[in-house]
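Chains as they are written, first to last, in this note's numbering: chain A, 1 to 254; chain B, 1 to 193.
These are calculated hints, taken from the structure and not from any lab test.
Just so it is clear, the structure is predicted and the values come from calculations on it, not from any experiment.
Every residue gets a Cβ at the ideal spot worked out from N, C-alpha and C, and that includes glycine.
Where hints are given, some of them may not hold.
[As the list claims (entries may be wrong)] A partial selection of chain A residues facing chain B, derived with a Cβ cut-off under 7 angstroms:
no.	residue
1	S33
2	A43
3	S44
4	Y55
5	Q58
6	A103
7	A131
8	T132
[Said to hold, decoys possible] No more than 30 angstroms apart at the CA atoms, straight line, and that leaves these computed lysine-lysine pairs for DSS-like:
no.	chain 1	residue 1	chain 2	residue 2
9	A	K64	A	K84
10	A	K133	A	K84
11	B	K76	A	K218
12	A	K215	B	K76
13	A	K133	B	K76
14	A	K64	A	K133
15	A	K218	B	K101
[Said to hold, decoys possible] Some residues of chain B that are not near chain A, with every Cβ distance over 10 angstroms (derived):
no.	residue
16	I57
17	E64
18	M65
19	R69
20	N72
21	K76
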Amino acid sequence: MRRRFTLPALTVAAVGGSLLVAASPASAHGYISSPPSRQANCASGAVAGCGDIVYEPQSVETPKGSTQCNGGGSRFTVLNDNSKNWPAANVGSSVTFNWVITARHRTATWEYFIGNRLVASFNDNGAQPGATKQHTVNFAGYTGRQTVLARWNITDTVNAFYSCVDLNFGGATNPTPTPTTPSPTPTTPAPTTPTPTPTTPAPTNPGSTTWAAGKAYKAGDRVTYNGASYQCRQAHTALAGWEPPYTAALWAAV
Amino acid sequence: MGRRLAGSGGPAFRAALSLLLLCVLTACGGSPEPASRAAAFNDTDVMFLQMGLAQIIEGDRVAEMAESRASNPEIKAVATELRGQWRTERDSMRGWLEQWKRPLEADPSAGLHAGHGDLHSLREEDFTGLSAFRGAEFDRAAVALLLGNLHNAMETIRMETAGGSYPQAVDLAERMTEARQSQIQRLLALAAG
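Okay, chain A solo, but in the shape it has when bound (with noise of 0.2 angstroms):
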């Protein structure tokens, strides 16, 4: 019985060191989403040759006060890289800015800059944020292609969060007087095809069949895949990627 107490505490403490080691040099916390950041460009595979940016577009934490995008760090500078054909959003003077937040931290302000120029500043006071967060700033006065950079202050500690968005004022979706050239936006009545769903109900053959993605299998169902045989041992609904050699908690080579 002590043993039963025991274990989980030794465990947890052990892997929380660990944790500490594998996560401390990225503790990640956020990024803007929309208009898309360079890393959420990268992230959504708009953008290639990244790197590990991909896996963790709310990472890049460096000390406060830079003026690059990957807040002048030794790590994803890909982001600093101009010559990278970062798609820019078109947009009209006032923009809305989302972020995504996996981590709340308390928080000073939030700061976008273009250029070396402060447009904006929200004032958190140390306050936490919610869940999600949104600043609208109103960019009056310029014009074309910009970088916008954003700055995600934290108070206790010394770190901020980078992200850059670049931009394109006055680009095609904004108010740029222009009566409505591109005609009423040829809204292709989308073909109603309804997307055969590829739920191929497996031929369902009592005794042995073959295991299929998308099939419901109850325990004791067997399959058969890649020529090994299997028996379910719990039941559950069956998906791509999920293939008996690989979920010995689902099926037992019999």
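Mind docking chain B on chain A? Use the hints.
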């Protein structure tokens, strides 16, 4: 069963033990079972499973709301896909923890969650806040919450692929990496809308 035998410590126990040892040493029976039981797991595996389960439970609450309430069918589709995959992943993850006789949750009194972990978790007010949104606002918030959950999950998953030792758990983490990254891509495309 192991506990009962261990408790008695009698001849039955010794017989079972030697049979088990023999099986381990000779990989008897042709079934992969003895081999996979013998495969070593480490603290990273346990933490991956415990944290991963907590993240799945949280994510599933958001996805459940998104599945039923989102206006954009693509959000519903991602939510449905996530929920289906999570069900299967959860079963495997629970199964290993039970097999290893480890708790399904990290001990909250250890301070891990009370400290930094709490910052990474959603709160009741986030769910009530989300449910108060309507239409495009709901869609925007649901996508943001799902992305936050998936990014946190990716950190746990990558911790496992880097430091886990139980082959099937590492394998699961690799598959989860692929699935989650593609879902993140779809959600980011929706956010950029």
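Next item in the hint list is A103/A. Is there a CB on chain B closer than 7 angstroms to its CB? OK, holds: A103/A within 7 angstroms of chain B, min 4 angstroms.
Do the numbers back the hint for A131/A, that is, is its least Cβ distance to chain B under 7 angstroms? At 4 angstroms from the nearest chain B Cβ, A131/A passes the 7 angstroms test, so the hint holds.
Taking only the CA atoms, is the gap from K215/A to K76/B under or equal to 30 angstroms? Given that 30 angstroms is the threshold and the Cα spacing comes to 21 angstroms, the pair holds.
K76/B remote from chain A - nearest C-beta pair above 10 angstroms: Non-interface label on K76/B holds, nearest chain A Cβ at 13 angstroms vs cutoff 10 angstroms.
With d taken as the least Cβ-Cβ distance between R69/B and chain A, does d exceed 10 angstroms? holds, 16 angstroms
Does the structure keep K64/A and K84/A at a Cα separation of 30 angstroms or less? Since the Cα atoms of K64/A and K84/A sit roughly 25 angstroms apart, the hinted pair holds (cutoff 30 angstroms).
Check on N72/B being off the interface with chain A, judged by Cβ distance over 10 angstroms: holds, 14 angstroms
Regarding the hint that T132/A lies at the interface with chain B, is the smallest CB-CB distance below 7 angstroms? Holds. Min distance 4 angstroms.
Run the C-beta distances from M65/B to all of chain A and say if the shortest one exceeds 10 angstroms. Consistent with the label, M65/B stays out of reach of chain A, its closest Cβ about 13 angstroms off (over 10 angstroms).
Decide if the proposed pair is consistent with the structure: K64/A and K133/A, CA atoms, cutoff 30 angstroms inclusive. This hinted pair holds, its Cα atoms lying about 20 angstroms apart.
Minimum Cβ separation between E64/B and chain A greater than 10 angstroms? Holds: least Cβ distance 16 angstroms, greater than 10 angstroms.
Let's test the interface hint: is any C-beta of chain B closer than 7 angstroms to that of S33/A? Interface hint status for S33/A: holds (4 angstroms vs cutoff 7 angstroms).
In the structure shown, no violation is registered for any of the earlier numbered hints.
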